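Construct the entire structure; sequences and hints are all you get.
First to last, the sequence lines map onto chains Y and Z.
When the count follows numbering that gives the first Met the number 0, it moves up by one through the first sequence with no breaks and lands on 108 for the last residue.
When the count follows numbering that gives the first Met the number 0, it moves up by one through the second sequence with no breaks and lands on 514 for the last residue.
Everything labelled a hint here was simulated from the structure, so no lab data went into it.
Predicted model only: the values in this text are computed from it and were never measured.
Treat the hints with care, since some could be wrong.
[Stated by the list, open to error] Simulated crosslink set (SDA-like; lysine to any residue; CA at most 25 Å straight-line):
#	chain 1	residue 1	chain 2	residue 2
1	Y	7	Z	288
2	Y	19	Z	441
3	Y	19	Z	470
4	Z	200	Y	77
5	Y	94	Z	202
6	Y	7	Z	298
7	Y	29	Z	377
8	Z	498	Z	85
9	Y	29	Z	282
10	Y	29	Z	52
11	Z	455	Y	17
12	Y	27	Z	373
13	Y	29	Z	222
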Amino acid sequence: MDKNDDKKIRFSSINIDGVKYKTLLTEKFKHRTPYVETNLNIMTAFIPGTIVDVYIKEGKKVKEGDTLLILEAMKMRNVIQAPYAGSIKKLYVQKGDLVSKNQALVEME
Amino acid sequence: MGIKEKSIDLKKRMKNALSGGGEKAIEKQKAIGKLTARERIIALLDPKSFYEYDLFVEHAGKDFDMDKKYLPGDGVITGTGTLSGHPICIYAQDFTVAGGSLGWMHAKKITKIMDHALKLKVPLIGINDSGGARIQEGVNSLAGYGEIFFRNTLASGVIPQISVILGPCAGGAVYSPALTDFVFTVEKITKMFITGPEVIKTVLGEEISMEALGGAKVHCETTGVAHFYAESEEECFNQIKQLVSFIPWNNINKAEKFPKKSPKTKRYKMEEAMPADPKQPYDVRNVIKAIVDDSDFLEIQELFAKNIVIGFSRINGETIGIVANQPLYLAGVLDVDSSNKAARFIRYCDAFNIPLFTLVDLPGYLPGVDQEHAGVIRHGAKVLYAYSEATVPKITLITRKAYGGGYIAMCSHHLRADFVFAWPTAEIAVMGPEGAANIIFRKEITTAKDPEEMRKQKVKEYKEKFANPYVAAAYGYIDAVIEPNETRKIIMHALDISKEKKVQTPMKKHGIPPF
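Next up, the structure:
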């Protein structure tokens, strides 16, 4: 950037220790993922893959350790178990679904 | 056969071996803007300087009817030549021959030229253009890669290693470039990834193009895997020539000395290059160009982590490595990416005896959950490690802000800078005046009749007392507060008297940097 180009540029600002600095933002900074608090009642895919079996229905009561789903990824069948005793509040996926990483699978209560 | 007949026979054999993958494959290669492997070497090196070896090497595949196939040169060209008059070892994978796939003898040719480069202490350039492992040769292909990676590591810091990615470079193959010093890429030609779009689609159901997954832009902007971005092979070769003019040819010798040249002061005026207000942005490259010979600055990783600028220049005709916070982007903060970028460059300069010149203007580290969770603690530590470990002459110039941990990290005296200079505009403090006043005078501010007015007054008081270079200078943390216009003269002198610098560090096999 030459000094004469200064006027054409649209600056943003960034706050460090209570001071606002006029600056440009990088694409990576603009696209950073915002932090979301983990909801422990929602089971998410820890790896992208395919749901090859579903053993539950909404409303069903489960014990701790019961198998809820099978998530196949990298040729491994991953057993998704109930982390505690409760019931299935919502089932987000069905057999055959391709799921991406961190996608919600099951909500329990 | 007499000698004449034998010579004719040799020519015939050579013609056969030099034919590469044949006309059709060569046509295909050219259709997508690519030169052939041999053309690339010739375009890059000095005219008529290239000598090829192992032209008659044949592949060692036995299974799947491979023993019936002839693969000229086994898909890779190796040799020596000169670049700007200096000796160099080079190899280029030939995509027209079996897709440039890497079999055992192909790898052997590469490792042979690598051994040569290391023994002769000359730079190594590898031009990658390969579909990957030669599946038919199975585990021998893997062995070949391993032998290459081992040598890359052995040669690291001894001879410069340059990787040029002019085609696909996928799977295990990517780790050779990743282990080398500089990676060059070309738009639409470079394709680098561990697993390609097809695998990603079948296994994960995610659809992405090769370019978006591992093209030149991605590796130069987002991943930081690559260092140089070009739009054509020709531009890429010019960048390589420029780079090698700045670097020493091994870790014993110094870089070539050039005639001393003044900066282009008509275009880059020191007093106009930077606003005094620490909240205002400017392009630090204009400050660099106002200081260095001929205003010539070769920026490295220009598109990655733009909040820090790294690259080579010369002062007094001799190469220096420059690290500078860039207030134009993200106020010049240190973060995960910029720390990685700077730390590796500092280690490069130290390994090859290139003095370091650091320009400081940063408000500190980038706050954010994403940064903390990405490990800014261990990545940021790399900068401290690299500067502390470096024994080359280290000269620091604080132009404006040097707050908090950022001040320490950017080659302060505490990390054994040889000289720390500051402009009168410098502010060395634990944080910005606003933040500091808010904490120190919290009670006064909150209990005041007009808290906002009190806050303003306290910020003003703090600024007057601490937002300057003189507090640090009073402790000797700054060697001299200098007029901006004197900068070049003083830096030149500092470099000059640091020439014989020798530092004894504790005996160790190697340190354990926060990789």
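So, going through the hints one by one against the coordinates:
no.: 1; hint: Y:7 x Z:288; in the structure: holds, 22 Å
no.: 2; hint: Y:19 x Z:441; in the structure: holds, 19 Å
no.: 3; hint: Y:19 x Z:470; in the structure: holds, 24 Å
no.: 4; hint: Z:200 x Y:77; in the structure: holds, 20 Å
no.: 5; hint: Y:94 x Z:202; in the structure: holds, 16 Å
no.: 6; hint: Y:7 x Z:298; in the structure: holds, 24 Å
no.: 7; hint: Y:29 x Z:377; in the structure: holds, 23 Å
no.: 8; hint: Z:498 x Z:85; in the structure: holds, 24 Å
no.: 9; hint: Y:29 x Z:282; in the structure: holds, 20 Å
no.: 10; hint: Y:29 x Z:52; in the structure: violated, 50 Å
no.: 11; hint: Z:455 x Y:17; in the structure: holds, 13 Å
no.: 12; hint: Y:27 x Z:373; in the structure: holds, 13 Å
no.: 13; hint: Y:29 x Z:222; in the structure: holds, 16 Å
Taken one by one, the earlier hints fail for this structure only at number 10.
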